[in-house]
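Got chain A sorted already, so can you dock chain B onto it with the hints?
Protein chains in written order, with the working numbering: chain A, 71 to 288; chain B, -6 to 143.
These are calculated hints, taken from the structure and not from any lab test.
A portion of the hints provided could be inaccurate.
[Unchecked claim] Within a straight-line C-alpha distance of at most 30 Å, the following computed DSSO-like cross-link-like pairs (lysine-lysine) qualify:
{"#": "1", "chain 1": "B", "residue 1": "K28", "chain 2": "A", "residue 2": "K167"}
{"#": "2", "chain 1": "B", "residue 1": "K54", "chain 2": "A", "residue 2": "K164"}
{"#": "3", "chain 1": "B", "residue 1": "K28", "chain 2": "B", "residue 2": "K54"}
{"#": "4", "chain 1": "A", "residue 1": "K188", "chain 2": "B", "residue 2": "K54"}
{"#": "5", "chain 1": "A", "residue 1": "K164", "chain 2": "B", "residue 2": "K91"}
{"#": "6", "chain 1": "A", "residue 1": "K137", "chain 2": "A", "residue 2": "K188"}
{"#": "7", "chain 1": "B", "residue 1": "K61", "chain 2": "A", "residue 2": "K218"}
{"#": "8", "chain 1": "A", "residue 1": "K260", "chain 2": "A", "residue 2": "K205"}
{"#": "9", "chain 1": "A", "residue 1": "K79", "chain 2": "A", "residue 2": "K114"}
{"#": "10", "chain 1": "B", "residue 1": "K140", "chain 2": "A", "residue 2": "K188"}
{"#": "11", "chain 1": "B", "residue 1": "K91", "chain 2": "A", "residue 2": "K218"}
{"#": "12", "chain 1": "B", "residue 1": "K91", "chain 2": "B", "residue 2": "K31"}
{"#": "13", "chain 1": "B", "residue 1": "K28", "chain 2": "A", "residue 2": "K164"}
{"#": "14", "chain 1": "A", "residue 1": "K164", "chain 2": "B", "residue 2": "K31"}
{"#": "15", "chain 1": "A", "residue 1": "K162", "chain 2": "B", "residue 2": "K28"}
{"#": "16", "chain 1": "A", "residue 1": "K77", "chain 2": "A", "residue 2": "K218"}
{"#": "17", "chain 1": "A", "residue 1": "K79", "chain 2": "A", "residue 2": "K137"}
{"#": "18", "chain 1": "B", "residue 1": "K138", "chain 2": "B", "residue 2": "K61"}
{"#": "19", "chain 1": "A", "residue 1": "K205", "chain 2": "A", "residue 2": "K137"}
{"#": "20", "chain 1": "B", "residue 1": "K28", "chain 2": "B", "residue 2": "K134"}
{"#": "21", "chain 1": "B", "residue 1": "K91", "chain 2": "B", "residue 2": "K28"}
{"#": "22", "chain 1": "B", "residue 1": "K91", "chain 2": "A", "residue 2": "K188"}
{"#": "23", "chain 1": "B", "residue 1": "K81", "chain 2": "A", "residue 2": "K260"}
{"#": "24", "chain 1": "B", "residue 1": "K81", "chain 2": "B", "residue 2": "K31"}
{"#": "25", "chain 1": "A", "residue 1": "K205", "chain 2": "A", "residue 2": "K114"}
{"#": "26", "chain 1": "B", "residue 1": "K91", "chain 2": "B", "residue 2": "K54"}
{"#": "27", "chain 1": "B", "residue 1": "K140", "chain 2": "A", "residue 2": "K167"}
{"#": "28", "chain 1": "B", "residue 1": "K138", "chain 2": "B", "residue 2": "K28"}
{"#": "29", "chain 1": "B", "residue 1": "K61", "chain 2": "B", "residue 2": "K134"}
{"#": "30", "chain 1": "B", "residue 1": "K81", "chain 2": "A", "residue 2": "K137"}
{"#": "31", "chain 1": "B", "residue 1": "K138", "chain 2": "B", "residue 2": "K54"}
{"#": "32", "chain 1": "B", "residue 1": "K134", "chain 2": "A", "residue 2": "K188"}
{"#": "33", "chain 1": "A", "residue 1": "K162", "chain 2": "B", "residue 2": "K91"}
{"#": "34", "chain 1": "B", "residue 1": "K91", "chain 2": "B", "residue 2": "K140"}
{"#": "35", "chain 1": "A", "residue 1": "K162", "chain 2": "A", "residue 2": "K114"}
{"#": "36", "chain 1": "B", "residue 1": "K140", "chain 2": "B", "residue 2": "K61"}
[Claimed, not checked] Okay, the calculated beta carbon distance ranges per label pair:
{"#": "37", "chain 1": "B", "residue 1": "N(-5)", "chain 2": "A", "residue 2": "N91", "range": "20 to 26 Å"}
{"#": "38", "chain 1": "B", "residue 1": "P126", "chain 2": "A", "residue 2": "F145", "range": "24 to 30 Å"}
{"#": "39", "chain 1": "A", "residue 1": "E207", "chain 2": "B", "residue 2": "R139", "range": "49 to 55 Å"}
{"#": "40", "chain 1": "B", "residue 1": "M(-6)", "chain 2": "A", "residue 2": "G141", "range": "37 to 43 Å"}
From the three backbone atoms N, C-alpha and C, an ideal C-beta is built for every residue, glycine too.
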Amino acid sequence: MAKTVDKIKVTMSLGSPIVINGGYMTLDALLAGIIFDQTGDIEKAHSQIPLANSHGLWHGSAAIVEKTDMGRTAFVANLRAMHDLDHELIAKNKYGKVHRAIGLTRRSDFGAVMNSYKSFSAPEITWYATGDAAKVEALLSAVEFIGKRRASGYGQVVGLRIEDGDLDGITGHFGEPLRPVPVELFSGDKTALKADTAWRPAYWHPTNRAICFAPEVV
Amino acid sequence: MNTFEFFNEHFGRHLVPIEGEPHEATHHALSTSHKLLKGTVSRLSSGWAIVRPGLSSVQLKLAATGLKYDTRTRIESFMEELDTWNGKEPRIFLMFDKAPVPISNVFLTVDRRLVRICSPAGVETFNADVPPPEDAGGIQKAIWKRKSFS
Chain A
71 MAKTVDKIKV TMSLGSPIVI NGGYMTLDAL LAGIIFDQTG DIEKAHSQIP LANSHGLWHG
131 SAAIVEKTDM GRTAFVANLR AMHDLDHELI AKNKYGKVHR AIGLTRRSDF GAVMNSYKSF
191 SAPEITWYAT GDAAKVEALL SAVEFIGKRR ASGYGQVVGL RIEDGDLDGI TGHFGEPLRP
251 VPVELFSGDK TALKADTAWR PAYWHPTNRA ICFAPEVV
Chain B
-6 MNTFEFFNEH FGRHLVPIEG EPHEATHHAL STSHKLLKGT VSRLSSGWAI VRPGLSSVQL
54 KLAATGLKYD TRTRIESFME ELDTWNGKEP RIFLMFDKAP VPISNVFLTV DRRLVRICSP
114 AGVETFNADV PPPEDAGGIQ KAIWKRKSFS
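With the rest of the complex left out, here is chain A (with noise of 0.2 Å):
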C-alpha cells in the first residue's frame, strides 16, 4: 500500500504584497479555509484536514516567511443601509430584538468606515507539515489568493511546490516551536515564547485558545 502521509515542506510564491494582520496562518488554518471555501461544510472544514492531527493538533507549521517589504493599507467600506439584513446574524437585545433598525438619515448610521492592514513583501511562503502531499497539492492547487484582502489582489499565489521535507509541522530542528502547541503537548525546548492562543481550528473562536508554545506572529 503506499505512503499517503509523510513529511513535506509547502512553498508558494507570491505575485503581490500579503495581509495577515498578526497571526500564524497556520498550514491547517489555510486548507480548512479552502475545504470550506469549496463545501460549505464547517464541520468538514475542521475535520477533514489531509495532515497529521494527534490529540486535536494539526501537524502543520505556521508559515515562514523573509520580509522584503512592509507597509501599510486602508480601505474605506462603505454600510449600504438599503440593502436587505439577515437579522438571524445580528447579535440580539435582552428582548430578543436586533439592537436597533439602521437609519437612512443620520450619517452615522450608515457612513463610511476606514479598515487598516499591515501588509507585507515576500518573494515565498513556506510551511512545513506531515500529512498527504497529493491530497494538499489538490486543495492548494486550486488557490490564487491567500491571506486577507483576497478580493483587492493582495497575496496572489504565482508558483507552488511541494516538496519531501525533514520537519514535522511542530518543532524545528532545536526544538523550537513552527506552531501554537498548547503547553501539555509541546515536547520541544520549554524556553520557547508562551503565548495565549488559538492552537485549532476555528482558530478566530476565542473558546479554542490555550497557553501555548509559541513561534513570533508573521
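Just chain B now, kept in the frame of chain A:
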C-alpha cells in the same frame, strides 16, 4: 484553566454570577452594569484593571468586595505590575472605554516577551524587556518613557 475561567475566577465572580459557558460569563461581566460605591450603576466603561491570582485590581470604584481599588493611572499600575511580576502566574491587563471590551480581545499574559494590553479598540502586544520599536503602541512607549525618567 483557559482565559475565561481565569478571568471569572479572579475577577468576574465578584461582579456577576458565573453561569453557562465561561466565555459567556466573561462577556456578561464586561458588558453589564455594576453597582458603584457611590450608589449609582455603571458598566466597566473607564479606567483599567489587572486580573491576577489572589486580589485583582481595578480603578473604577465598584461596590463589589473581593477586588482592590487603585486610583493610579493605567501607565503607573501596568508599569509596576510588569516590574514586580515573576512571570509564573498569568495576568490580564485591561483598559476600559465606552464600548465594552469584546471577549475576542481578552488575552492572558503568560510571558514578559509577549505582554498583551486588552481594550475595546484592540490588543497592544509587546516585549516588556526591550525598548519600543518605532511602530510600537502607546502603552509600551509610555511605560518605557516613564521608566527612563525614574
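Each hint, compared with the structure:
| no. | hint | in the structure |
| --- | --- | --- |
| 1 | B:K28 x A:K167 | holds (26 Å) |
| 2 | B:K54 x A:K164 | holds (27 Å) |
| 3 | B:K28 x B:K54 | holds (9 Å) |
| 4 | A:K188 x B:K54 | violated (38 Å) |
| 5 | A:K164 x B:K91 | holds (20 Å) |
| 6 | A:K137 x A:K188 | holds (12 Å) |
| 7 | B:K61 x A:K218 | violated (42 Å) |
| 8 | A:K260 x A:K205 | violated (33 Å) |
| 9 | A:K79 x A:K114 | holds (24 Å) |
| 10 | B:K140 x A:K188 | holds (29 Å) |
| 11 | B:K91 x A:K218 | holds (29 Å) |
| 12 | B:K91 x B:K31 | holds (20 Å) |
| 13 | B:K28 x A:K164 | holds (20 Å) |
| 14 | A:K164 x B:K31 | holds (27 Å) |
| 15 | A:K162 x B:K28 | holds (24 Å) |
| 16 | A:K77 x A:K218 | holds (28 Å) |
| 17 | A:K79 x A:K137 | holds (19 Å) |
| 18 | B:K138 x B:K61 | holds (27 Å) |
| 19 | A:K205 x A:K137 | holds (28 Å) |
| 20 | B:K28 x B:K134 | violated (34 Å) |
| 21 | B:K91 x B:K28 | holds (17 Å) |
| 22 | B:K91 x A:K188 | holds (26 Å) |
| 23 | B:K81 x A:K260 | holds (14 Å) |
| 24 | B:K81 x B:K31 | violated (36 Å) |
| 25 | A:K205 x A:K114 | holds (15 Å) |
| 26 | B:K91 x B:K54 | holds (16 Å) |
| 27 | B:K140 x A:K167 | violated (49 Å) |
| 28 | B:K138 x B:K28 | violated (36 Å) |
| 29 | B:K61 x B:K134 | holds (26 Å) |
| 30 | B:K81 x A:K137 | violated (34 Å) |
| 31 | B:K138 x B:K54 | holds (28 Å) |
| 32 | B:K134 x A:K188 | holds (20 Å) |
| 33 | A:K162 x B:K91 | holds (19 Å) |
| 34 | B:K91 x B:K140 | holds (29 Å) |
| 35 | A:K162 x A:K114 | holds (29 Å) |
| 36 | B:K140 x B:K61 | holds (24 Å) |
| 37 | B:N(-5) x A:N91: 20 to 26 Å | holds (23 Å) |
| 38 | B:P126 x A:F145: 24 to 30 Å | holds (25 Å) |
| 39 | A:E207 x B:R139: 49 to 55 Å | holds (53 Å) |
| 40 | B:M(-6) x A:G141: 37 to 43 Å | holds (39 Å) |
Hints 4, 7, 8, 20, 24, 27, 28 and 30 from the list above are not met by this structure, while the remaining hints are.
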